[in-house]
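Student: Here are the chains, one letter per residue:
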Amino acid sequence: MRPTENIEKLIEKLRYKTSTETHDRVLGNVLQALDEKEKQKPGVIKPDIWRTIMNSKITKLATAAAIIVAVLVSFHYLGGSASTVYADVVERLQKARTLLYTVTTTTPIEGMPDMEMEVAFKEPGYMRMTLPGGYVSVMDCMQGKALSIIPERKQFIEMEMSNLPADAGQREFNVIERLRTLPERADEALGDREIDGRMVQGYRVTEEGVTNTVWIDPKTRELVEVETEFDNAPGMSRTMANFKFDVELADSLFDLAPPDGYTRVGLQVDASEANEQDLVEYLRLWSTWTKDGTFPPTLNPVAMAKVAMEMQKEGKFRDGQTSEQDRLQHMMKLTRGVTFVMKLPAESNWRYAGENVKYGDSQTPIFWYKPEGSVTYHIIYGDLSVKNVSPENLPQ
Amino acid sequence: MLEDRLLLWKFKRGSRDAFRAIYEKYAGNMLTLAGNLLDDKVGAEDIVQDVFIKLVESVGTFRLTGSLKSYLATCVANRSRDCIRRRIRQRTAMTKQAEKTPAETKSTVHLAICSEQLRKLSNALTELPYEQREAIALRIHGNLGFRQIAELQNVSTKTVQSRYRYGLDKLRSTLNGEVEK
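Heads up: the protein sequence lines correspond to chains P and V, in order.
Using our numbering, read the first sequence as starting at 1 and increasing by one per residue.
Using our numbering, read the second sequence as starting at 397 and increasing by one per residue.
Here chain V stands alone, though its shape is the one from the complex (with noise of 0.2 angstroms):
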């Protein structure tokens, strides 16, 4: 945290090696977020390029109050809810078949390991609830805490434990072969 706070000392004060270390040290991490919040691996690599973007922009007035990971995976998750909110939105104009499948087709974001349980877990974790998957990736890939997330879902602590819970429950019996709820 120390270090994150150091590099963008200096990519306030216009150092472009720092910048660059900050884009090293997270854009996988929130690749993979977004990837895992969106079924739709080209709009998270849009994504991951907006916030950056916009962290570029708002160099001049930002300041940090918790962590840099936490504050760019909040960045992503509110832009991954604003696609998913533009794509309900676009659904009623075309079908789902045309909507999604040039996307994915001309997607160079993957799955790092393949293996057909994970590529089972990834297809039940798009299956979940938005807040369900929302909470489960917030807090494995983006580190956050349960009242961070609450925060940003605007609802209690134990409605996002609960959310968290239920949603690894579903996947487990997914994963199980279990008949779901």
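Isolated chain P, as found in the complex (with noise of 0.2 angstroms):
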């Protein structure tokens, strides 16, 4: 009788293959079908984001949101410290009066083209992000105030951002600080390629449920680009590309006065990092939104968005006008919700198990976490309420 090893050697040479004609052949459609797609893939948005929460209903809000998260949360998760290896990098960007960079994000939601805006920072706390149309958002971190511009409805929003960190002032050269540190603590370096005719290294770095794919270019030292995605939102991804240091940026850039005959919404923004209570709020909120008044079915956010245009196609949702200052609100009520949980650790175990259940429903657990920090568990009931519990008495 055979050795086993000489059957599994005999049926790996059952190898087939094919006439070189019929692979051309099948290459060839494959390639076809490429070309379709690329004629079929929606160019790079044109309406803003803010437009999107404008017109909200709560579908947009949760496709909105799942930007915004994306946005949030890679902002904070590129985190680090100094890096000898790139010491010229760092030291670069440390010196650097003025920045410039592109953000492309990538949704998985069907229908919804990538996003791309540019930001430019300026010391000693400016940001201007623009998008195309003319779509542009201007922040004050020193001040705690932002401006953005809304031409179609010739409407600006006035923020007042309160509860800002100490640090507000540095909080968004931070990403800058922060990005540039990424490589030292690199988990995989992935060699070689070329972006734009100029060869450059990349690096990988696998932090907290995100990954960062840094290219930097060995010659000059610069960083080129910038790639993050995040294990809580599959298939979403942010690219920042483009980056120029020292480019003389006018104040008038940042001025937050509003162009003349444009009328003002004002909006109130809590910039404290979110919490557990902001959740509640998002869930109360969503539960209000639902005819049968359901908690959301996931937590998700890219998934949320998908779900809740299921949802709004079935009417389950509650018909009502809202105003412009009450969705603007919500917005931020359902952003800062998802946010604390986008920022959970894995090690915090969270669970959700809100789908089907209605609110006031005080014997059925909903969501559950280990605060960092603690030893025991909290959980928040279908009436809201939030009880400690120890890992042993966690629902099954």
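Fair warning: there could be bad hints in the mix.
Stated by the list, open to error - Capping the alpha-carbon separation at 20 angstroms, the derived lysine to any residue pairs in SDA-like fashion look like this:
#, chain 1, residue 1, chain 2, residue 2
1, V, Lys-516, P, Leu-10
2, P, Lys-17, V, Asn-539
3, V, Lys-566, P, Glu-8
4, P, Lys-13, V, Asp-565
5, V, Lys-408, P, Asp-196
6, V, Lys-465, P, His-23
7, V, Lys-421, P, Asn-29
If you are wondering where the hints come from, they were derived from the structure by calculation, not from laboratory data.
Join the two chains, each given in its own frame, into one complex according to the hints.
Tutor: Dropping the structure here:
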């Protein structure tokens, strides 16, 4: 009898091949599918995020939240310390007075094209974001004020940020401070590749559910591209590119004065770290949107957008008009609630079980997690009460 | 694996060359896998084409968690099962002879080495229960681990190991001219 390994080796030789003509034909068919896919691909998004928010029905709120959460969470996770290997890159970034770059946010949401915006920083704490179509947001982190311009409605949103962290002036720059240190903690060197005719070296860093892929030009020591992907939002990614340092940027670019003839919409923004109470508020808010008073089926921001679209089609949301002011406040609550969950580390062992549970059900646990440094878990019930329980008493 | 991730990364950004490189690297392997799973060479070719077209269509949302080869092998296995289910349904409407002959005659897919021993082995593999054949083909041609195959077949790892072992025993018996159980 043949030894087993001989049989396995023989089976390995059972290889099939096809004629060159057939191979070329199949490859041609697949490449044709690729061409058709390219033709169908929606272009870079033209409307701005604020328009999405302003027009928001619940589905759009959910979609907008998915994008905003990606932006906020990726900012949050770009943490780290100084590196010697990339000292030149670090030094250049530290010395930069201004910085320009582009951000492209991609979501797997059907029909949602990539969203591209240009970002400008200027010391000591100004930021300007520009989207195609003339949509502009300007922030003054020192004063805690921001302005968003919506040309098609001839409106501007004037935001007052409260609960800003003590180092608010440096907060936005920390994104860059942190960004430049990523390679030091790289888990994996990706080798070389070409981006726009430049040979660059790649590094991948995975931390707390977020993967950053960083490309640096070894000759000039410049940061070329950073791509961020999130475990809690599969399919969503952010790419930062086209970095430019110390470009002369006029102060007028960061002017918080609204354009003439535009109407004002005021908005109070809580800039503090999202917490458990934000999640509770979000769950309460959602239960008021559904006809049967149930909680969201999922807390995953990407899945949430899809689910909300399906629920809208099925007529599961209440009808009713809300003011623009309310819609913006809802947007903020939704974003903070989801952001809290997105930022929970894997060690928190969070679970969500709110699908089909109605608000007011005091017996059914809908969310539980272990707060940082705690030995017990917090459980949120269907009546939105919160209790402390030991690990052995967690719901099964 | 790193090279595959880089190719996928480039492909996601629209590189046609990167996609071509992925295809050239894995199309042959996948054809072999599909060929060994199905007793239908034209079907194998169609499956490989479908799997790569699906990869093109899903590139925007596609995220690789394991190796690309394992991912493609799993896709081939799933489609092969679908194909076999369809075939079983069709058999109720037409004779086996009428079903198989046209496909075989049109096929341009063939065994790369056509020794008598391999032809015998290929036929013996076709005669195995599908679950055993699938375990063997995915393990040897798809490079999948027993645990991955178990997830695909929705059974325990031990069951997959048994299917693999029984399958090999039968093939060995057939090749040695022994009476099968």
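Student: So if I understand the rule, the pair passes when the alpha-carbon distance is 20 angstroms or less; does Lys-421 (chain V) with Asn-29 (chain P) pass?
Tutor: Satisfied, since the Cα-Cα distance of roughly 17 angstroms is no more than 20 angstroms.
Student: Tell me if the straight-line CA distance from Lys-465 (chain V) to His-23 (chain P) falls inside 20 angstroms.
Tutor: holds (19 angstroms)
Student: Does the structure keep Lys-516 (chain V) and Leu-10 (chain P) at a Cα separation of 20 angstroms or less?
Tutor: Between Lys-516 (chain V) and Leu-10 (chain P) the Cα gap is close to 11 angstroms, so the pair holds against 20 angstroms.
Student: Is it true that the CA of Lys-408 (chain V) sits at most 20 angstroms from the CA of Asp-196 (chain P)?
Tutor: holds (16 angstroms)
Student: Is Lys-566 (chain V) within 20 angstroms of Glu-8 (chain P), Cα to Cα?
Tutor: holds (12 angstroms)
Student: Measure nothing beyond the straight line between the CA atoms of Lys-17 (chain P) and Asn-539 (chain V); if it is 20 angstroms or shorter, mark the hint as holding.
Tutor: This hinted pair holds, its Cα atoms lying about 18 angstroms apart.
Student: Given the hint that Lys-13 (chain P) pairs with Asp-565 (chain V), test it: the Cα-Cα distance must not exceed 20 angstroms.
Tutor: Between Lys-13 (chain P) and Asp-565 (chain V) the Cα gap is close to 18 angstroms, so the pair holds against 20 angstroms.
Hint compliance for this structure: every hint is met.
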